[in-house]
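A.B. asks: In order, the protein sequences belong to chains A and B.
At position 225 of the first sequence the residue is numbered 225 (the numbering used here), and the sequence of numbers has no breaks.
At position 196 of the second sequence the residue is numbered 196 (the numbering used here), and the sequence of numbers has no breaks.
Simulated from the structure, these hints should not be mistaken for lab results.
Backbone N, C-alpha and C fix where the C-beta goes; we use that ideal spot for every residue, glycine too.
Be aware that one or more of the hints could be misleading.
Now the in silico label distances, taken between C-beta atoms and shown as ranges [claimed, not checked]:
no.: 1; chain 1: A; residue 1: Pro-32; chain 2: B; residue 2: Leu-108; range: 45 to 51 Å
no.: 2; chain 1: B; residue 1: Pro-184; chain 2: A; residue 2: Gly-121; range: 56 to 62 Å
no.: 3; chain 1: A; residue 1: Ser-131; chain 2: B; residue 2: Ala-23; range: 34 to 40 Å
no.: 4; chain 1: B; residue 1: Gly-13; chain 2: A; residue 2: Arg-270; range: 38 to 44 Å
no.: 5; chain 1: A; residue 1: Asp-86; chain 2: B; residue 2: Phe-121; range: 33 to 39 Å
no.: 6; chain 1: A; residue 1: Val-70; chain 2: B; residue 2: Pro-95; range: 18 to 24 Å
no.: 7; chain 1: B; residue 1: Leu-25; chain 2: A; residue 2: Gly-121; range: 39 to 45 Å
With the Cβ distance kept under 8 Å, some of the chain A side facing chain B (calculated, not the full set) [stated by the list, open to error]:
no.: 8; residue: Leu-75
no.: 9; residue: Ile-80
no.: 10; residue: His-92
no.: 11; residue: Asp-106
no.: 12; residue: Pro-107
Listing some non-contacts, in silico: residues in chain B with all C-beta distances to chain A over 10 Å [to be verified]:
no.: 13; residue: His-45
no.: 14; residue: Leu-61
no.: 15; residue: Ile-73
no.: 16; residue: Ala-90
no.: 17; residue: Gly-179
no.: 18; residue: Leu-252
Here is how the chains run, residue by residue.
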Amino acid sequence: MLAFDVEVRRRRFTVAVALEVADGERIALFGPSGSGKTTVLEAVAGLQPLDRGHVTLGGRLLSRSGAGRVMHVPLWERGIVLLRQDAALFPHLDVRANLTYAGGRDPARLAHLVDRLELAGLLDVHPGELSGGQAQRVALGRALLSHHGALLLDEPYTGLDGRLRDALGALVRSELAVRSVPGVLVAHELGEAQAFADRLGILDQGRLLQLAPPDEVVRHPSSRRVAELVGYLGFVRTGGRVAAVHPDRVRPGSWPDLGVVLTGRVAGLRPAGVGFRVTLDVDGSCVVYRVDEAPPPIGARTAVTALDPPRFASTDDATETVGADLASASLAPAVPRPVGRGHR
Amino acid sequence: MPRSQFPGGRSPGAGLRRVSALASLSVGVVVWVALLGPVIALGAHLSYGATRASLAAPGALTPLVVSLESAAISLAVLVIGCSPLAYLLAHDRLPFARLWEAGMLVALMMPPLVIGLLLVFMVGPLTPIGRGLSDLHLDATNTLFALVIAQVYEAAPYYVLGAQSAFSTVDPRLEQQAGMLGDPPRRVLRRVTLPVAAPGLAMALAVGWARAIGAFGAVLIVAYHPQGLPLQIWTTLEERGLAAALPFALLLLLVALPLPLAAYAWSARARVRR
Chain A
1 MLAFDVEVRR RRFTVAVALE VADGERIALF GPSGSGKTTV LEAVAGLQPL
51 DRGHVTLGGR LLSRSGAGRV MHVPLWERGI VLLRQDAALF PHLDVRANLT
101 YAGGRDPARL AHLVDRLELA GLLDVHPGEL SGGQAQRVAL GRALLSHHGA
151 LLLDEPYTGL DGRLRDALGA LVRSELAVRS VPGVLVAHEL GEAQAFADRL
201 GILDQGRLLQ LAPPDEVVRH PSSRRVAELV GYLGFVRTGG RVAAVHPDRV
251 RPGSWPDLGV VLTGRVAGLR PAGVGFRVTL DVDGSCVVYR VDEAPPPIGA
301 RTAVTALDPP RFASTDDATE TVGADLASAS LAPAVPRPVG RGHR
Chain B
1 MPRSQFPGGR SPGAGLRRVS ALASLSVGVV VWVALLGPVI ALGAHLSYGA
51 TRASLAAPGA LTPLVVSLES AAISLAVLVI GCSPLAYLLA HDRLPFARLW
101 EAGMLVALMM PPLVIGLLLV FMVGPLTPIG RGLSDLHLDA TNTLFALVIA
151 QVYEAAPYYV LGAQSAFSTV DPRLEQQAGM LGDPPRRVLR RVTLPVAAPG
201 LAMALAVGWA RAIGAFGAVL IVAYHPQGLP LQIWTTLEER GLAAALPFAL
251 LLLLVALPLP LAAYAWSARA RVRR
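From just these sequences and the hints, can you work out the full model?
C.D. replies: Here you go:
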């Protein structure tokens, strides 16, 4: 088990995060840029001195700071590998030598990983000749082939296309499961974090706001700020509380038994993938949602239903507000039946 | 998008840029030829007969042996003694790092003849260091040991600053990554730092070698004997004239250049591969 309670002072705020990651468990830390995600990983890896706290791996104390006592196991004895955004490949070694730098000389295992990482044909190439995505795959392979007790991943799929992200994500998950080592990934893309994690932590301003299974975090954010961070774009005052509206959790039409019905005027419309992204002005507030086809025209009044939206106390503090402040929302009559669909 | 917005496919600045490029190239060629001018002059003024007569004289090649021997020892001293300082300077591991660098610059700026004069005050037989060396049966004047000291003093600042620059090119994240992959610092140095810095170190070594084997000013003061090639050229010029000295100048070039040229070629090849 990897357990840490780290505190690192930064210029604007102090990063303070405590976590326990069981063997084979995967935790993703998600948050905006500059929220302290990388600092947490570097502190755990031993690259950042702790101002206070401790790090243990498998019950072995790796770092401790505070109360006048400082203890730090050096990098090479910690058994923690951190894969950073920059591949940091050794430029004087070819891909094969980079991959096997810290082990992995078992030909079958090397061949398996080379195949999964799609590096066949590149083994004799030097890093200077690789694209960013290829270099990142080599770095991932090198980390997976090394002997480690915990794997930390700092946005490891940067620069890779969607197909490769999925493939490498599956590879990392299976490797962690097979070797039964704890894994922590930080990401600023929610989908990446969700796909990786058994538990998802939301980090903001150096604080862990919520830690729960990804689905729970996304469907039941613990605060308005968490809701904002995981993609809720509209906040509607209703019954003395604030309902958070996620673009993917809005159904056109009035379905009062499924959630909160909002009525407003279409203020914006633009193509989004195979459908459209509609911005609804609900009495001065913005609610964004997606429709696959037949979007209402701009200026039309229409009703939509925010499906089972999480609600927060109106005093719930949010350091950043997405969309306009909401004065009020048109609430649907309390009739448990669909009362129409489309625009009026 | 059209290739050019201008008729005929040329922008108004294209002609000016071409003239400018041509002028730069011309100046570059002139400077290059001018720098190699002395070598060309050497080739033009050497005669086979005089060369053969000079080099075939009894004992004529002894200074060559002395130069090779002393420069090789100096090079070893530079690598073993000065590389750690260069590494520490590059990694900002020294307190008051800028002060250390300034010290190296002072050593670099000192005229070699002045270095020689001051070495007499520092390691001469009547100084405390000189007496200490004497107790160890070493003499820092007019010995091979003195020649090595003079060469090291002339070459060390060049080597240290070159090696510092080479070590600075090593991204500290590479060393951290090697550490996280289980390598202790000594192994990181061997497997990552030195190989990555190697092209730059090779160039620093080449400069150090050239400075050491060609050292003259300090050598003239503290190690007139045993005579190396630079002093042999000087004494031959004084005693027998320019024509007799030129063959030894050629000899010095021939023994001094291969190592730097090989280092340059290897360094350039290594950089291309990365």
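A.B. asks: Can we trust that Ala-90 of chain B is non-interface, i.e. its beta-carbon lies farther than 10 Å from all of chain A?
C.D. replies: Holds, since 17 Å exceeds 10 Å.
A.B. asks: Taking the CB of Asp-86 of chain A and the CB of Phe-121 of chain B, does the distance hold inside 33 to 39 Å?
C.D. replies: With a Cβ separation near 52 Å, Asp-86 of chain A and Phe-121 of chain B fall outside 33 to 39 Å, so the hint is violated.
A.B. asks: In this structure, is the beta-carbon distance linking Leu-25 of chain B and Gly-121 of chain A contained in 39 to 45 Å?
C.D. replies: Holds: the Cβ-Cβ distance is about 41 Å, inside 39 to 45 Å.
A.B. asks: Confirm or reject: Gly-179 of chain B is not an interface residue toward chain A, with every Cβ-Cβ distance exceeding 10 Å.
C.D. replies: violated, 4 Å
A.B. asks: How does the Cβ-Cβ distance of Pro-32 of chain A and Leu-108 of chain B compare with 45 to 51 Å: does it lie in that range?
C.D. replies: holds, 49 Å
A.B. asks: Is Ile-73 of chain B truly not at the interface, in the sense that its beta carbon sits beyond 10 Å from all beta carbons of chain A?
C.D. replies: It holds; Ile-73 of chain B is separated from chain A by about 29 Å at its closest Cβ, greater than 10 Å.
A.B. asks: For Val-70 of chain A and Pro-95 of chain B, compare the CB-CB distance with the range 18 to 24 Å and indicate the outcome.
C.D. replies: Given range 18 to 24 Å: holds, Cβ gap about 20 Å.
A.B. asks: Does Pro-107 of chain A pass the interface hint, meaning its C-beta sits closer than 8 Å to a C-beta of chain B?
C.D. replies: Violated: closest Cβ of chain B sits about 20 Å from Pro-107 of chain A, beyond 8 Å.
A.B. asks: When the nearest CB of chain B is found for Leu-75 of chain A, is that gap smaller than 8 Å?
C.D. replies: holds, 4 Å
A.B. asks: Note whether the CB distance of Gly-13 of chain B and Arg-270 of chain A lies within 38 to 44 Å or breaks it.
C.D. replies: holds, 41 Å
A.B. asks: Hint validation: Ile-80 of chain A versus chain B, beta carbon distance must be below 8 Å. Holds or violated?
C.D. replies: holds, 7 Å
A.B. asks: Can His-92 of chain A be said to touch chain B, with a Cβ gap under 8 Å?
C.D. replies: holds, 4 Å
Of the numbered hints listed earlier, those contradicted by the structure are 2, 5, 11, 12, 17.
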